[in-house]
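Protein chains: 2
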Amino acid sequence: MDGMENIAELAKSVMNADRRALSQAITLIESSRDDHRIQAMELMDHLRSSDRKAIRVGLSGTPGVGKSTFIESFGTYLTGMGLRVAVLAVDPSSIRSGGSILGDKTRMERLAREPNAYIRPSPSQTHLGGVARRSREAVAICEAAGFDIIFIETVGVGQSETIVSEISDIFLLLIAPAGGDELQGVKRGIMEIADLILVNKADGDLKAAASRTCSDYSSSLMLLRKRVHDPTGFPLAMAISALEEDGLGDVWDKIEELLDWRKAEGWFDNNRTAQSRFWFKEEIRQGLLSMLDDEKVKEEMSALMNMVDNGEIYSSAAAQKILKKYTAKPR
Amino acid sequence: MDGMENIAELAKSVMNADRRALSQAITLIESSRDDHRIQAMELMDHLRSSDRKAIRVGLSGTPGVGKSTFIESFGTYLTGMGLRVAVLAVDPSSIRSGGSILGDKTRMERLAREPNAYIRPSPSQTHLGGVARRSREAVAICEAAGFDIIFIETVGVGQSETIVSEISDIFLLLIAPAGGDELQGVKRGIMEIADLILVNKADGDLKAAASRTCSDYSSSLMLLRKRVHDPTGFPLAMAISALEEDGLGDVWDKIEELLDWRKAEGWFDNNRTAQSRFWFKEEIRQGLLSMLDDEKVKEEMSALMNMVDNGEIYSSAAAQKILKKYTAKPR
Chain A
838 MDGMENIAEL
848 AKSVMNADRR
858 ALSQAITLIE
868 SSRDDHRIQA
878 MELMDHLRSS
888 DRKAIRVGLS
898 GTPGVGKSTF
908 IESFGTYLTG
918 MGLRVAVLAV
928 DPSSIRSGGS
938 ILGDKTRMER
948 LAREPNAYIR
958 PSPSQTHLGG
968 VARRSREAVA
978 ICEAAGFDII
988 FIETVGVGQS
998 ETIVSEISDI
1008 FLLLIAPAGG
1018 DELQGVKRGI
1028 MEIADLILVN
1038 KADGDLKAAA
1048 SRTCSDYSSS
1058 LMLLRKRVHD
1068 PTGFPLAMAI
1078 SALEEDGLGD
1088 VWDKIEELLD
1098 WRKAEGWFDN
1108 NRTAQSRFWF
1118 KEEIRQGLLS
1128 MLDDEKVKEE
1138 MSALMNMVDN
1148 GEIYSSAAAQ
1158 KILKKYTAKP
1168 R
Chain B
838 MDGMENIAEL
848 AKSVMNADRR
858 ALSQAITLIE
868 SSRDDHRIQA
878 MELMDHLRSS
888 DRKAIRVGLS
898 GTPGVGKSTF
908 IESFGTYLTG
918 MGLRVAVLAV
928 DPSSIRSGGS
938 ILGDKTRMER
948 LAREPNAYIR
958 PSPSQTHLGG
968 VARRSREAVA
978 ICEAAGFDII
988 FIETVGVGQS
998 ETIVSEISDI
1008 FLLLIAPAGG
1018 DELQGVKRGI
1028 MEIADLILVN
1038 KADGDLKAAA
1048 SRTCSDYSSS
1058 LMLLRKRVHD
1068 PTGFPLAMAI
1078 SALEEDGLGD
1088 VWDKIEELLD
1098 WRKAEGWFDN
1108 NRTAQSRFWF
1118 KEEIRQGLLS
1128 MLDDEKVKEE
1138 MSALMNMVDN
1148 GEIYSSAAAQ
1158 KILKKYTAKP
1168 R
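So the protein sequences, as listed, match chains A and B.
In our numbering, each number is its position in the first sequence, counted from 1, plus 837.
In our numbering, each number is its position in the second sequence, counted from 1, plus 837.
Don't read these hints as lab results, they were simulated from the structure.
Hints may be right or wrong, so weigh each one.
Because identical chains cannot be distinguished in the list, a pair is counted as satisfied if it fits within a single copy or across any two copies.
Only pairs whose alpha carbons sit at most 25 Å apart, straight line, appear in this in silico SDA-like list of lysine to any residue [unchecked claim]:
hint, residue 1, residue 2
1, K1161, S1113
2, K1063, N953
3, K1100, A1045
4, K1161, D882
5, K1118, K1166
6, K1166, S1139
7, K1158, R874
8, K1158, E1132
Everything numeric in this text was worked out from a predicted model, so none of it was measured.
Make a model of the complete structure from these sequences and hints.
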């Protein structure tokens, strides 16, 4: 932690919504260096006391559907109401390859200029399994910094959507107007986690198509089994235009309607509790398996493997050697 | 280990092909008691020195296809040639539920009476993840006891076939005569691991159908990509009648032809090495994850989970507490 004397101070600055501290904090939690991890845990422990709760809005959609335009328009709409908005990204390409396709800070120029908005580019690299932890910690940091709404954006490809939905209070799926046949293209899995389906680009030439697509989705949403954590009428599909800023007020109304109901019925807190438990267990699981990726362990495994090959040791006995060395038997 | 003074003695008796010792040894490795596991590892270490190699024949097929009849007929054919035959079962139901559907000792009465045959009923229960380890150890015990052929039988349902194929030198798929349309019923995955496809029940009314089914499979096997560890002509389909003991000699000829080639070309040993390595790594992976099923660990996780729920600790920090306590950092 260069340039920041102590973590308690950093935490305090974050809670005072100091933007530089905010960025420093997120940079810290993005690091996988051992000493940084220890500091990061200390930081998270300090921030826990803030007890602030933002609305965490997950957002997914295929490339070209207008996610950036939507966040820019909708975010500006929200800051216009005096709300503080943070934008984070979960980049699925970083899960696999270490490359980044999202998070270009310049892509939301108008929103980025808003004093009440904070846009965090997605980190350019990370190690496998760390994406979820890093994203959750970044959300918690923004929450402690007093943001009212936190967008967690991802491109729609399987694993990253699951991560985002397990971090969010509400999940928005952005789609483009399309012919009826293309409706099947949206996987059932994503339909089942979406709370609002926003058919974007309901403007100009595409307005009629957007309206039809919206009706198609409305019909198929009605065929889904009723979810216990939804009030009547949800999940729902709406046609909007991020470009012409049309329908943004309705989106906000629906988000509030859904979350107010969930809060009143206890589902909001229930969901957060379930999410914490999920990630707690998942982090232990990942932590256990990360042993297999450790260079030192790999070296020892390779040496034992040679002994197995030469018939000097039975493979189970060799496996037990590793397990005995690196795990403690619960007692 | 009741009634057996020491493990070295048990190992010696096994290597002398003492049937009682053989059964005792397999009972020992089937136990999941901690002290038995330690003895089992000791036993396996002793048996390693035998350096004997059986032919390990994996066998799969849906219920009713005639697996028991085939093993009975083929096993008796082999013992008739003076070969020693062991029969083990990997029971997929035990993987999930703890129940047993295979391994009824009485179902192969004729083979069971052969002095050179040993049929081991599948254990009635086991814990998840232990099936593969137990099966591998049972195979190694039979091998050390000097059996020439070890059949490892399973009902064809996904996971158990993978386990069996990763234990075997050669994999036989038994199927019933059927109309051409049903050919697609055999999953591509199983076609790809099969070395010989045996169309059983080529007798009486079904003889013509068996012959047609065999041709259909032969054609579709030719469409599979050539496998580097196969000589020309493999994998292949054959029509046989286990009931009328028709074609058994051909099956044995083909098994010998394939394995002789693989031995000469190095693939036989290569495969065994790859299998040892696979199970070595898999056992470590399972061992790491078994932590999550330990009652003591579950209790501590539950206590920490409550603290997470009450906001007394951040979920990552809680996860790290478990990891720190039960794993040793490699250095």
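Hint by hint, here is what the structure shows:
Within a single copy, K1161 and S1113 get their C-alpha atoms only as close as 30 Å, which misses the 25 Å cut-off; across copies the closest is 19 Å, which meets it. Within a single copy, K1063 and N953 get their C-alpha atoms no closer than 37 Å, and across copies no closer than 62 Å, so neither meets the 25 Å cut-off. In this assembly of identical chains, the alpha carbons of K1100 and A1045 never lie at most 25 Å apart, being 36 Å within a copy and 69 Å across copies at closest. Taking the shortest alpha-carbon separations for K1161 and D882, only the inter-copy value of 17 Å comes in at or below 25 Å, while the best intra-copy value is 32 Å.
In this homomeric assembly, K1118 and K1166 come within 25 Å of each other (Cα to Cα) both inside a single copy, at 19 Å, and across copies, at 19 Å. For the homomeric pair K1166 and S1139, the shortest alpha-carbon distances inside one copy (24 Å) and between copies (18 Å) are both at most 25 Å. Taking the shortest alpha-carbon separations for K1158 and R874, only the inter-copy value of 13 Å comes in at or below 25 Å, while the best intra-copy value is 28 Å. In this assembly of identical chains, the alpha carbons of K1158 and E1132 lie at most 25 Å apart whether taken from the same copy (17 Å) or from different copies (23 Å).
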